[in-house]
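Novice: Sequence:
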Amino acid sequence: MKIEITNQGKWVNSLTLKIALLAVLSLFLLIPLQMIKDIIEERKANAEKVQEEISNEWANSQCFTGPVLNIPVRSVSPEDQAKTITQIWHILPAEMIIEGEILPGIRYRSIYQSVVYDANLKIKGAFTVPAESASPGAEVLWNQAYFTVGISDNRGLKGEIAMQAGTRTLSAEPGVKDQDVFTSGISFAGLELKPGSTVAFDLNIDLAGSNTLKLTPLGKNTNVSLRSVWNSPGFCGSFLPVTRVVDRSGFTADWEVTHLNRNFPQDWIGNAFQPEESAFGVNLVQPVDHYQKSWRSARYGILFIVLTFLVFLFIEIRGKKTIPVIHYVLVSLALVLFFSLLTALSEQLGFNAAYLIASGATIVLISVFTALVIKDTKTPWLVFSLLLLLYAFIYVLLTLNDYAFLAGNIGLFLILAVVMGVAGKWSLGHN
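If you count the sequence shown from 1, position 167 lands on 1212 in this note's numbering, and the numbers rise without skipping.
Hints were generated in silico from the structure; no laboratory data involved.
Don't take every hint at face value.
Within a straight-line C-alpha distance of at most 30 Å, the following computed BS3-like cross-link-like pairs (lysine-lysine) qualify [to be verified]: (1) K1239 with K1169; (2) K1423 with K1366; (3) K1167 with K1063; (4) K1094 with K1203; (5) K1169 with K1203; (6) K1265 with K1239; (7) K1063 with K1094; (8) K1128 with K1082; (9) K1089 with K1128; (10) K1203 with K1420; (11) K1203 with K1222; (12) K1167 with K1128; (13) K1094 with K1082; (14) K1203 with K1128; (15) K1167 with K1082; (16) K1094 with K1169; (17) K1169 with K1265; (18) K1063 with K1423; (19) K1265 with K1128.
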């Protein structure tokens, strides 16, 4: 009976069984890792909800479209010759130049923040008024013509707005007189139009919004230039800038769009076309926010655990010492807790400081625990050094946006090479 107990003890303490137990433990730890990722997603959803609330109170993302020249035309109803109908003839600018400066800002609520902006837009160009109606036989009501400008969220408009059209200065009126082209914006009435004439216009608008600013290319030739001190822009929409410069001081971007690049004409009657579908612009991106980084770090959680287990396994093999499985469990719990601690601290301190504190605390905790379990002076320092390298490696992966995949594969290849080298030496020495 005593021999059976001794053999059983040797089997329990064997390396093969320990590796199997650690493999099972690693798989089991995927459960708390997934729970932590769910917590991060929940916290991120709370942040996005607050950002949406701030946007609703400040002004939502803006899409600027205009100006559009609108002229009512009266014609006989095709269904009843005794009746007349009035439709709107929409005419787009022949030339349009937009120069804009975006002044970004951060609004805070509790521990959350949202990107907002104030944009100053200078729009100028010219309309070529057709000499004849777009609808043969229709009566053109030239004296009822008006301009409309599409603004997706009128709450962002600031100050009084006036438009210079030819020799006249027109004051803005709230709302749009028709909803053929857009449903929200402002109007300018009081035009003096002559068929076949050219009407130059000049318009300055101060517009507040959140996150994204888009512009619609209405001109037969449209030139747009935007600049800002925000140094992480994301260009979006139907057209990308033809030239752009992005550096630490901010960005400048220029677009050139002609009528041939769009799927709508320079004039039409009614609501046949929706120009806003061709809008383009810029998104003020927050580069890799701390929730995204925390989630990405948790995704590497199993890598943390497996590599740490390998460190302790090689310590056992090299020093011919036995570390109970319960100690591996405690170390793995410390590794899992790191990700929760990282998320909580990053909400208060930012990701970089949070990573430094959370990783430092975890490394010290595991190293001190190693010193208590293994009674020598070298092993804890070895564990400290290896964990320091591991956490530094993961931090580099998290900060590299474009080259993280490449750097991660190179790092894992080098780690595998080291593990194979150590395992080969141990196998040779064992033989």
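Novice: Mind checking the alpha carbons of K1089 and K1128 for me, to see if they're no more than 30 Å apart?
Specialist: Not OK: K1089 and K1128 at ~59 Å, beyond 30 Å, violated.
Novice: Compare the distance between the alpha carbons of K1169 and K1265 with 30 Å, and conclude whether the hinted pair is satisfied.
Specialist: With a Cα-Cα distance of about 13 Å, the restraint between K1169 and K1265 holds, given a limit of 30 Å.
Novice: Check whether the Cα positions of K1169 and K1203 lie no farther apart than 30 Å.
Specialist: 19 Å, holds
Novice: Between K1203 and K1222, is the straight-line Cα distance small enough, at 30 Å or below?
Specialist: Judged against 30 Å, a Cα distance of about 21 Å means the pair holds.
Novice: Check whether the Cα positions of K1239 and K1169 lie no farther apart than 30 Å.
Specialist: 20 Å, holds
Novice: Given the hint that K1167 pairs with K1063, test it: the Cα-Cα distance must not exceed 30 Å.
Specialist: 71 Å, violated
Novice: Under the criterion that the straight-line Cα-Cα distance not exceed 30 Å, is the pair K1167, K1128 satisfied?
Specialist: Violated, at about 43 Å.
Novice: Measure nothing beyond the straight line between the CA atoms of K1203 and K1420; if it is 30 Å or shorter, mark the hint as holding.
Specialist: 71 Å, violated
Novice: With the threshold set at 30 Å, check whether the alpha-carbon distance from K1063 to K1423 stays at or below it.
Specialist: 24 Å, holds
Novice: Can you confirm whether the C-alpha distance between K1203 and K1128 stays at or below 30 Å?
Specialist: 43 Å, violated
Novice: Is K1265 close enough to K1128, meaning Cα to Cα at most 30 Å?
Specialist: Violated - the C-alpha atoms of K1128 and K1265 are around 36 Å apart, more than 30 Å.
Novice: Hey, K1094 versus K1203, does the alpha-carbon distance stay inside 30 Å?
Specialist: Holds. K1094 to K1203 sits at ~26 Å (cutoff 30 Å).
The earlier numbered hints that this structure contradicts are 3, 7, 8, 9, 10, 12, 14, 15, 16, 19.
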